[in-house]
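**Student:** Sequence lines, in order, name chains R and F.
For the first sequence, our numbering begins at 1 and goes up steadily by one.
For the second sequence, our numbering begins at 1 and goes up steadily by one.
Calculated directly from the structure, the hints in this document are not laboratory data.
Don't take every hint at face value.
Intra- or inter-copy, both count: the list cannot distinguish identical chains.
As the list claims (entries may be wrong) - Below 25 Å or equal to it, Euclidean Cα-Cα: the simulated DMTMM-like pairs (lysine to aspartate or glutamate) are:
#1 LYS95 to ASP106
#2 LYS312 to ASP106
#3 LYS189 to GLU302
#4 LYS312 to ASP63
#5 LYS312 to ASP206
#6 LYS312 to GLU110
#7 LYS175 to ASP113
#8 LYS95 to GLU52
#9 LYS311 to GLU253
#10 LYS143 to GLU274
Protein chains: 2
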Amino acid sequence: MMAGGEFEIISRYFNRKTTYRRDVETGIGDDCALLNLAPNQTLAISVDTLVEGTHFYHDIAPDDLAYKALAVNLSDLAAMGADPAWLTLAISLPKIDHPWLQAFSDALFEQLDYYHMQLIGGDTTRGPLSMTLGIHGLVPAGKALKRSGAQHGDWIFVTGTLGDSAAGLALLQDKLSTATVEQRDYLLKRHLRPTPRILAGQALRDLASSAIDVSDGLLSDLGHILQASGVGAKIEQDHLPLSATLQAVVSREEAIDFALNGGEDYELCFTVPEVNREAILVALENLGVEGRCIGQILPASEGITLFDEGKKLPYQPKGFDHFTA
Amino acid sequence: MMAGGEFEIISRYFNRKTTYRRDVETGIGDDCALLNLAPNQTLAISVDTLVEGTHFYHDIAPDDLAYKALAVNLSDLAAMGADPAWLTLAISLPKIDHPWLQAFSDALFEQLDYYHMQLIGGDTTRGPLSMTLGIHGLVPAGKALKRSGAQHGDWIFVTGTLGDSAAGLALLQDKLSTATVEQRDYLLKRHLRPTPRILAGQALRDLASSAIDVSDGLLSDLGHILQASGVGAKIEQDHLPLSATLQAVVSREEAIDFALNGGEDYELCFTVPEVNREAILVALENLGVEGRCIGQILPASEGITLFDEGKKLPYQPKGFDHFTA
């Protein structure tokens, strides 16, 4: 009597014969997946959990949830300069909802195929809706981008624009409204469908001295680089890349707050030695990704300071933390 | 304001400088962990989720939970013949309970050290108590034990004894009682502290034709071998290894039912070609692990049949399934 049961869910929705990777010796269907790495490849592994109510709303569309769950994890690979390879998915479901599972798994496999990734295992359990994704990427040995390489004098860059995702979240929470549908759609898309900067991350491998993805908020995430590298920083907040839409929808002050503290932008924040500054801009331009210099690494004794049009501001760090938020 | 927050929990309880592995380039503290495999090593990955109410009771002791969560995952590596290496832990907690976290993490690291494993990453979120462990092991290239290698004529073996764990669960559920405290302690320990058969699994690598761990129940798990290998089987149920305690506490019929269908024994079920039958018994004896032959692989057309003292019985498969149980 396994109709509608765990094994049936896995075989019906998650054991698809789509992308095959040659480095997968055994995928779903044994006690473990078996993977063979090429010589001189380093394995990069990251794990993220998404819980209903904490990371997404009850009424999120299943395809948006699948997209975001994968994008959040891909963003961790991007921040290391890794090439996506394999995914594990542990999902808890309160009940078996076939249309939901169909839409969720369709969207997941569309993204997996796009990134030439293979789902290699997981677990399906009954429980409150939540999921833990384990993402595995590959990076040439010695080339991974770490948080610990920033040096005094390096320039601080970010990709894309910051703060849009926080504005999108505020829209979902009815804390914000827009003048036009186009503005609303843009900000919601930036929140629900962030673009993991996979190719940009790979382009940074030989040029950046450190990198992180902006998940908790720029100041919080840059703080991790500063701590790991034993350095300080100054940020020119008038240099923050703000989208035209964000600037049209909220005040300048709020836009800057969203950009500094909002989180979930999934852009890359990285540091670049002076010698590679031009090369970085060329590399990103070739990918069609905007890169903006927003500050510079200082000695640790300087802490982290914000400037606005050349004037030093008082600084109050705010990072997102699931247990204190 | 991170006191008691996510970062503080990770650094206080889970980012311990205990076992260091030379193949871990970067562990906890960056966007991804970075791992370097030796040439000719195949990576084995398994993921298991444990949810309160489904996989453990609310009042389980934190050290028992840590032990079991890891043992369940180690058992998947054992079934592949893999050597444990790295763990990821994604844990959802309803609140921050420092004594609980201390006891849980102490027990977890005690086991990790025992198996020379390193915790390389994870995620801490607020939510109903649940956890997803991702376990990573290493196996010499081409040597992993798969479910798909069983051949007509191979002998079916199991390690240890079967059914004790189901009896221990029945005790926790007040569905069973024992005459002595020693009997109760033995059965509870078999349920709460199963022994992952890591060394036995490695000893089987050159001798067994297929293997699986007994998590859902012998018949259900053997069924996976039969399906993957395209074969059938007969089981001599009077050959099932039953502990003296189990036989003293329940009827013969119930002991056999627990052994066939109970699950969570985390023993290995494996198949062995006739030519390796003696070598297997010697290899297991050298490890102090009992191995018992309980049946033989037949052609697929025979399905799966149970015999008792040479007499064929009607067969009704029952496997544990989270959505139909």
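**Student:** Hint by hint, say whether it matches the structure.
**Tutor:** Here's how the hints hold up against the structure:
no., hint, result
1, LYS95 to ASP106, "within (19 Å within a copy, 35 Å between copies)"
2, LYS312 to ASP106, "neither (50 Å within a copy, 46 Å between copies)"
3, LYS189 to GLU302, "neither (37 Å within a copy, 56 Å between copies)"
4, LYS312 to ASP63, "neither (44 Å within a copy, 51 Å between copies)"
5, LYS312 to ASP206, "neither (33 Å within a copy, 68 Å between copies)"
6, LYS312 to GLU110, "neither (47 Å within a copy, 49 Å between copies)"
7, LYS175 to ASP113, "neither (36 Å within a copy, 49 Å between copies)"
8, LYS95 to GLU52, "both (14 Å within a copy, 16 Å between copies)"
9, LYS311 to GLU253, "within (15 Å within a copy, 83 Å between copies)"
10, LYS143 to GLU274, "within (19 Å within a copy, 49 Å between copies)"
The earlier numbered hints that this structure contradicts are 2, 3, 4, 5, 6 and 7.
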